[in-house]
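There are 2 protein chains.
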Amino acid sequence: MDPAKLLDILGNENRRKIIQLLASRPCYVSEISGRLGVGPKAIISHLSLLEEAGLIECSVDEQRRKYFNIANNMRLEVSVSPYAYTMALQNINFDREKRESSAVEKNGPASRDESSGLFLELSGRIRELKIRHEELTQMQKQLQAEYTELMDRCLDSIEEIARNSVECELLFELLKNEATAAVLCYNLRLHPSIITSNLMDLAERGFVEYTIKNNQQYWKIPEAGVENK
Amino acid sequence: MDPAKLLDILGNENRRKIIQLLASRPCYVSEISGRLGVGPKAIISHLSLLEEAGLIECSVDEQRRKYFNIANNMRLEVSVSPYAYTMALQNINFDREKRESSAVEKNGPASRDESSGLFLELSGRIRELKIRHEELTQMQKQLQAEYTELMDRCLDSIEEIARNSVECELLFELLKNEATAAVLCYNLRLHPSIITSNLMDLAERGFVEYTIKNNQQYWKIPEAGVENK
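For the protein sequence lines, the chains are A and B, in the order given.
Residue numbers 1101 to 1329, in the working numbering, belong to the letters of the first sequence in order.
Residue numbers 1101 to 1329, in the working numbering, belong to the letters of the second sequence in order.
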């Protein structure tokens, strides 16, 4: 799924509530409608949208009643900062088939004592994962703070080395991502001749360089220190 | 900001485009309108919504023209999986005042050579941060996959140890989070007497225990192994 598509879906409060409810347990339409205090018609329309997007799926129980559950395992990350707006959506595989076949490998049902021990062990591991998740999240937060601070300093430094405003903009663009001249023209809305002449000047002073990838010329900031001319 | 509020904001494609544009540079209303091909009236209404939420701020240039830029530094993480729907929003401090005062401490303007070296050094560090970010993101992905797999196994294990469906639901709820009896009643929509008697049975078999926090009794899965009765 496209991250933008997921943001469109999550932009509605009732859809968020439905997802939250289904993440706690599979539900019938009537249950969802009752829990949310929203008419079944509206719930059904949200459910079909979620189902089309592949976020939930529908099954039928013994009494032929339809129930819904989360079909997906994914992680969306959005960063908004003065120098970056990024969205990333990761799909996380969880292969139930594979897991079930490995469970079958065990020799028959476990004794009650074994089951108890296993449950407590597994719940301990889940607790550890939660702590680890919290640690990683803190590290990401720290990283984004450092990134913003570095970008701030880089902008000051660009102002010192750039000879005109086009150079400033070019260096700032390339700092975020390497780019072809065409992309730079488009993003900065400048004529190709202006982009090219400024890139040449910057290259001569060692502030940009290019590489060829997939037969295309990409401009970027050099990786190692260079001699100043 | 509430993560739900941010999701409401990001649920609109034009607002996402505005944020993306402002993250690349501060812009006037006319620029935003031209870039997005959306009338200025609609742009202004999106901008006031974003400004009210504290996501962007507005300044005035020398010609008294208003321009907008991102005012915030934050990270939103949403996980949707069969056993969890979590949203977390982190606000990341970036204290420009502090940074600027520390920049002043340096002795006067740097020479051109020093500036060039500094720029290349800073851009190298930005590159490193991007790689580190990618690594952390992969680790989070791996973690969520493990979490889902463990929850799958835990559910099987709960089915073996639980004596009825209420015990199943109680253990599943407590696996996700410790909770008071009141929260469990509310989430599972069961009568307090049913919740209490099942908790007592589970506690006797060593599958749940309680702690007192802020004068409230919280039920949870025990941390260490327990003797089976």
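Since the hints were made in silico from the structure, they are not lab data.
Any given hint might turn out to be false.
Since the list gives no way to pick out one identical chain from another, each pair is judged satisfied if it fits inside one copy or across any two copies.
DSS-like mimics (lysine-lysine), calculated; alpha carbons at most 27 Å apart, straight line [said to hold, decoys possible]:
| no. | residue 1 | residue 2 |
| --- | --- | --- |
| 1 | Lys1117 | Lys1320 |
| 2 | Lys1141 | Lys1241 |
| 3 | Lys1117 | Lys1166 |
| 4 | Lys1276 | Lys1141 |
| 5 | Lys1320 | Lys1230 |
| 6 | Lys1117 | Lys1230 |
| 7 | Lys1105 | Lys1313 |
| 8 | Lys1166 | Lys1313 |
| 9 | Lys1276 | Lys1166 |
| 10 | Lys1166 | Lys1241 |
| 11 | Lys1320 | Lys1276 |
| 12 | Lys1320 | Lys1141 |
| 13 | Lys1320 | Lys1105 |
| 14 | Lys1166 | Lys1230 |
| 15 | Lys1141 | Lys1230 |
| 16 | Lys1166 | Lys1320 |
| 17 | Lys1141 | Lys1117 |
| 18 | Lys1313 | Lys1141 |
Okay, the hints, checked on the actual structure:
no.	hint	verdict
1	Lys1117 x Lys1320	between (44 Å within a copy, 25 Å between copies)
2	Lys1141 x Lys1241	neither (41 Å within a copy, 36 Å between copies)
3	Lys1117 x Lys1166	within (19 Å within a copy, 38 Å between copies)
4	Lys1276 x Lys1141	neither (46 Å within a copy, 31 Å between copies)
5	Lys1320 x Lys1230	between (39 Å within a copy, 15 Å between copies)
6	Lys1117 x Lys1230	within (23 Å within a copy, 34 Å between copies)
7	Lys1105 x Lys1313	neither (30 Å within a copy, 41 Å between copies)
8	Lys1166 x Lys1313	neither (51 Å within a copy, 41 Å between copies)
9	Lys1276 x Lys1166	between (48 Å within a copy, 26 Å between copies)
10	Lys1166 x Lys1241	neither (42 Å within a copy, 31 Å between copies)
11	Lys1320 x Lys1276	within (9 Å within a copy, 46 Å between copies)
12	Lys1320 x Lys1141	neither (54 Å within a copy, 38 Å between copies)
13	Lys1320 x Lys1105	neither (31 Å within a copy, 37 Å between copies)
14	Lys1166 x Lys1230	neither (33 Å within a copy, 45 Å between copies)
15	Lys1141 x Lys1230	neither (37 Å within a copy, 46 Å between copies)
16	Lys1166 x Lys1320	neither (55 Å within a copy, 32 Å between copies)
17	Lys1141 x Lys1117	within (16 Å within a copy, 32 Å between copies)
18	Lys1313 x Lys1141	neither (52 Å within a copy, 43 Å between copies)
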